[in-house]
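Q: What follows is the residue order along each chain.
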Amino acid sequence: MIGMAMLDLHPRVAATTILERRELADGVVLLTLHAPELANATQPGQYLMVIPPSGEAAATALAVYEAEGKRVSILFFVTGKRTRELATLACGDRLDVLGPLGNGFDCSGDTRDVAIVAGGVGIASVWLCARELLRRGAHVRLFYGARTAELLVDAQRFADAGCELVLATDDGTRGERGFVTDTLVRSQRPELIYACGPSPMLRRVGEIASGFGVRAQLSLEETFGCGVGGCWGCVVPLSNASAQAPSFPPAERGGSDVVYARICKEGPVFWAHELRW
Amino acid sequence: MIGMAMLDLHPRVAATTILERRELADGVVLLTLHAPELANATQPGQYLMVIPPSGEAAATALAVYEAEGKRVSILFFVTGKRTRELATLACGDRLDVLGPLGNGFDCSGDTRDVAIVAGGVGIASVWLCARELLRRGAHVRLFYGARTAELLVDAQRFADAGCELVLATDDGTRGERGFVTDTLVRSQRPELIYACGPSPMLRRVGEIASGFGVRAQLSLEETFGCGVGGCWGCVVPLSNASAQAPSFPPAERGGSDVVYARICKEGPVFWAHELRW
Amino acid sequence: MNPQPALAIKLGKLELAFPTLMGSGCYGSGEEFAPFADLSKIGAIVLKSVTRLPRLGNPTPRLVHTPAGMLNAIGLQNPGIEWYLERELHKYAGRPCKIVGSVAGFEIDDYAYVCERLAARDEIEAIELNVSCPNVAREGETFGCDPDLTARVVEAARATTNKTLIVKLSPNVTDIVAIARQAENSGADALAVINTVRGMAIDVETWRPRLGNITGGLSGPAIRPIAVLAVYEIAQAVSIPIVGQGGIETLADALEFFLAGATAISIGTANFTDPRIPERLVAELQAYLTRRNIASIEEIVGRAHVEIATAHQYEGDEG
Amino acid sequence: MNPQPALAIKLGKLELAFPTLMGSGCYGSGEEFAPFADLSKIGAIVLKSVTRLPRLGNPTPRLVHTPAGMLNAIGLQNPGIEWYLERELHKYAGRPCKIVGSVAGFEIDDYAYVCERLAARDEIEAIELNVSCPNVAREGETFGCDPDLTARVVEAARATTNKTLIVKLSPNVTDIVAIARQAENSGADALAVINTVRGMAIDVETWRPRLGNITGGLSGPAIRPIAVLAVYEIAQAVSIPIVGQGGIETLADALEFFLAGATAISIGTANFTDPRIPERLVAELQAYLTRRNIASIEEIVGRAHVEIATAHQYEGDEG
Ligand SMILES: Cc1cc2nc3c(=O)[nH]c(=O)nc-3n(C[C@H](O)[C@H](O)[C@H](O)COP(=O)(O)OP(=O)(O)OC[C@H]3O[C@@H](n4cnc5c(N)ncnc54)[C@H](O)[C@@H]3O)c2cc1C
Ligand SMILES: Cc1cc2nc3c(=O)[nH]c(=O)nc-3n(C[C@H](O)[C@H](O)[C@H](O)COP(=O)(O)OP(=O)(O)OC[C@H]3O[C@@H](n4cnc5c(N)ncnc54)[C@H](O)[C@@H]3O)c2cc1C
Ligand SMILES: Cc1cc2nc3c(=O)[nH]c(=O)nc-3n(C[C@H](O)[C@H](O)[C@H](O)COP(=O)(O)O)c2cc1C
Ligand SMILES: Cc1cc2nc3c(=O)[nH]c(=O)nc-3n(C[C@H](O)[C@H](O)[C@H](O)COP(=O)(O)O)c2cc1C
Ligand code: FES
Ligand code: FES
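Protein chains in written order, with the working numbering: chain A, 45 to 321; chain B, 45 to 321; chain C, 195 to 513; chain D, 195 to 513.
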């Protein structure tokens, strides 16, 4: 939750067991894990560091997609060595993870009309956010874009829960043809925007929000090292005046008004207007 | 076949398909491959370089265990990264291999009474040899040792084919307790010895053979690089006078009477009395 | 039953309950890892390197995964020594393991100044001199690449404190042994061997270097053979203890370093795979020594040293 | 339809139909790989290094697998130049690709002598000077670690032949760029970048070094980031072509080297994974250039060169 960086969310090492494995599309895998402590503690927009069972690569940052009862799930696209390994896991297999981690979306206001923008696998970070906002009675429009229709995974879940869907695909196979941000800019101004997706999309969301004169919470992505704040590998430039800024002297004390914040620790969610990227 | 190094055995890249996978003991896997050209061409004691399906490590040298009709099989102990990957393969999977490679056992003489000595996974190299010797009417005693009873895999096959079995295990769970070479030294002198197994075992077989005053063909093992004679990484010191010695000037021409021979190319089978190890 | 084998070791005056350090820059201040690792089961944390002035650090991206390793180019992001002492350091008091400060610089005076200020604080039990950071624009690494500069930096730092001084060496040199000797002669109490190896990666989609800084430092199992050799050769040339590092993940990896001549090991990148690795390694080392009936870890240090076999040498080979 | 993109390149006078060389010591004489690879689809084979006198080579074991790589310590086993010319070389005539000889030595005179004898033969189209073998007991590598010695070796060899002279550089140095410049100034027509990185591995069962020679040279994907950086930096400093090498297995790996500034690439260890890799790479390069509508491989050489981004630099960062 942005702006509440010091909240103790009790991250821990959790030994989970895989309860279900589904392939939502070619190369898109959903794993449901038995993980009672995580399910209780996870806030919208938080993520896990998933320890590779082989021990042969760095742990992988994956958002908590759903959290319900004693279960959490992760949803990932198979893009490389590590997600390829995770895709081989089967029901009953053990999977150790660190989490819940990071400062997620702040859903605490009483905003009535919100837009959620998700690009590709960014959808995995926003379900808990949508659910919470709907619970609080907000009208939620989901702007959801992907390369092609097949990769607009699980859109129906959001519709069933009560979101208004605006879909877009690069190839026009479903929804509007083009970028999801093109649909956003043409739509009615929301009160607040939440977004997760590739960096170019997020930058554009930030511009659109400032055009609308509204604020936006962006969930960023970067190559992670430790994932827990120890290596300063995953940073983004942030206004040193941000409540999320890490301890760094301001210009008048020999420092700078811009400071690199850790996406894994201060983020992954930041206010668009505080980023200096 | 030692002493016939220049025989053209038509090695090639063979795209095989896995027909059968059996686990003969914990961590001992037998894969049967559809590979008609290999099945025809392979001589006793020859091996394959098995290309890792992931492409993530060097190819692995594995003996051709059986060759029959259109099938060849490989038999391996899961000891490291590469055999672990091979152990995950299932029926129908494709497996590319190079082979048949190397100069194997010479079974061409009309020796009547032979001993075959196999230690552990060395058994994989000697089945074709045993079969050929039996076919030629020899009396074949198989001295077969392993750590424990369970790892004396497929001994019955040799017995069924007509070999006399002398078994040994380190822990005494089957056959004699102790080294298989201890049973060999106490047994009746054979006319010729064939052996495959760990280096200390092979050295001892060499000593025993020379004690008996008979010759021995030893199939050696070493970490391979290319497996095809290109890197000189897999060598063993050999008398420069051996018919198997690679081209190297003798002492009187500035060279040496000992020369490193490639186990993968000149071998893997060498005459014990020509080794200088 | 034998008593538990001893894992405690000493680096100069620094006494560690376990021969494991957490690599500078990889473990934050320990706080970040505390929810996932038992800090009372590690020897010491080496803090992220601090400089005289604040540093923003390098542009992004700062990390790239590579085969069996990763490149990093953090660029010594830190708030500078004043802010650090004022606002950060007090948090480290009371950690259940030892804390080693790490000092980086660009002038000899910087090293001396920061070293003196840092070493004066009770939270800090020893100082590591990072004369080998490959990721800073100016002559950051030059110190560690030149025996004379190394000598001068170490002498200057030595003059400021009696606490244990560990000098961290760069592998990016023709003769690391010569630099190790200079560090010893100039007053180092211990050597950290090795820092990362310079490297780069290119994004073949964008045709641009993957790191914002273009070049970075390679760590992880990929560099382990390079690190083991450096420890092996330096151990024969110096008599101060060595903290071996570079790609340690498993018990076997750790043993390689002890056998090569390291008195202690440091774990960096492996924490990014699983933060339980350091604790597991200590338990496995304990079990290994017990099984082999070895009374203390110190007994295996340097035991791999052998002469080159000379079987079958002959005239042509003398060249 | 566009015409096929051009893959042909030149290294000095040496014209290659494909920008792929098979690394010295990894590919025998080509004969060994001929049953598994189409030699007409590779640019050239660099033969195993030859010396003046016969050499038995190093004691065994000579190879160890390491994470994403391997260590080798062959020790330049070869029958010496006389025997080689008399009994071996004639076999290479008629290969469907170019043949490059490789010369190693221990004295400047040795290099000159072997280079002259070898270059005089028609089978050999170019000479690679291996001044960087890390696996020989005496000063084998010293040449490649010292700019002046490099200059003297290259000058001596240059004087013996007009054929293309490729100088193969060692990464085990503080400043590889300085050595590259010397090699260029002394008459090299091209540079091979890099040879293996020094390393070692220890057997934790026996507590002994895994290699008979104790130390060896690290190759394979593990060293790729080190090699790409060396190519990148050298390409900015010299104007002769570079043969990039170190861990190339895939199209993406190959592109990294071209983009870093290599005119050609060399494939060594990857042949041990699958001898079809060189042929596959050529087909994939062809397809890549076609897809991107690039007329020739030369157009992408060195295209990753950029200035360091300087966003958010401020005073503290100037250090
Ligand atoms: C906060 C956060 C949340 C995220 N949530 C999700 C999510 O919910 N779902 C999702 O799909 N993605 C998510 N991501 C992205 C995900 O973490 C990356 O895509 C991750 O890199 C996938 O790892 P990979 O190794 O499979 O592929 P990549 O990292 O994309 O791999 C690219 C290449 O690098 C190589 N490589 C990568 N890592 C290593 C390594 N350690 N060792 C060796 N080689 C390596 C691969 O082999 C491949 O060739 C999230 C990222 C962040 C920061
Ligand atoms: C001619 C010949 C015939 C053989 N026939 C047989 C046979 O029929 N059956 C049989 O079981 N064995 C046989 N062997 C032995 C077999 O080739 C080796 O045991 C082989 O090394 C197994 O590979 P591995 O990677 O699984 O394990 P190992 O090589 O034993 O692995 C040991 C360690 O090294 C690591 N490692 C090994 N290779 C790599 C790599 N490329 N990259 C990274 N790490 C690596 C592993 O992870 C492991 O930690 C034969 C050997 C030869 C020379
Ligand atoms: C992300 C990252 C940041 C690092 N930062 C520093 C640093 O600030 N100071 C330093 O001396 N070493 C630094 N290092 C080097 C490590 O401390 C360690 O020496 C090196 O990574 C090799 O060990 P490893 O392979 O176990 O990581 C850093 C390494 C990494 C991966
Ligand atoms: C087994 C082996 C033997 C080698 N022998 C030689 C040699 O004799 N001369 C030489 O110049 N380079 C030699 N090399 C280095 C390679 O030619 C190549 O430069 C290096 O391995 C890096 O490339 P790679 O990672 O593609 O293998 C050898 C490498 C290996 C693996
Ligand atoms: S990934 Fe290490 S600080 Fe964020
Ligand atoms: S493994 Fe390469 S020559 Fe034998």
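These aren't lab readings, by the way, just hints derived from the structure by calculation.
Take the hints with a grain of salt, since some may be wrong.
[To be verified] These stretches of chain C come out as covered by chain D in the derived footprint (C-beta under 8 Å, 3 or more residues):
id : segment
1  : 202-214
2  : 220-232
3  : 236-242
4  : 277-289
5  : 361-372
6  : 446-455
[To be verified] Label pairs and their calculated CB-CB ranges:
id : chain 1 : residue 1 : chain 2 : residue 2 : range
7  : B       : R180      : D       : G206      : 41 to 47 Å
8  : B       : R201      : A       : T132      : 30 to 36 Å
9  : B       : R230      : C       : P197      : 41 to 47 Å
10 : A       : G71       : C       : Q198      : 47 to 53 Å
11 : C       : K207      : A       : S98       : 38 to 44 Å
Every value quoted in this text rests on a predicted model; they were computed, and no experiment measured them.
We treat Cβ as the ideally placed atom computed from N, Cα and C, and that holds for glycine.
Q: State for each hint whether it applies.
A: Hint check results:
For a cut-off of 8 Å, the count of residues in the segment 202-214 of chain C with a CB near a CB of chain D stands at 0, and the three-residue condition is violated. Counting residues of the segment 220-232 of chain C whose C-beta sits closer than 8 Å to any C-beta of chain D gives 0, which falls short of three, so the coverage hint is violated. For a cut-off of 8 Å, the count of residues in the segment 236-242 of chain C with a CB near a CB of chain D stands at 0, and the three-residue condition is violated. For the segment 277-289 of chain C, the assignment as covered by chain D is violated, since 0 residues bring a beta-carbon within under 8 Å of that chain's beta-carbons and 3 are needed.
Interface restraint, the segment 361-372 of chain C with chain D: holds (3 residues with C-beta to C-beta distance below 8 Å; minimum three). Under the rule that three or more residues need a Cβ within less than 8 Å of chain D, the assignment of the segment 446-455 of chain C holds, with 5 such residues. Judged by the Cβ atoms, the range 41 to 47 Å given for R180/B and G206/D is violated: they are separated by roughly 59 Å. Evaluation of the 30 to 36 Å hint for R201/B and T132/A yields a pass: the beta carbon distance comes to about 34 Å.
Against the hinted window of 41 to 47 Å, the Cβ-Cβ separation of R230/B and P197/C comes to about 45 Å, which satisfies the hint. Checking the proposed 47 to 53 Å range against G71/A and Q198/C shows it holds: the Cβ atoms sit about 50 Å from each other. Checked against the given bound of 38 to 44 Å, the beta carbons of K207/C and S98/A, roughly 41 Å apart, stay inside it.
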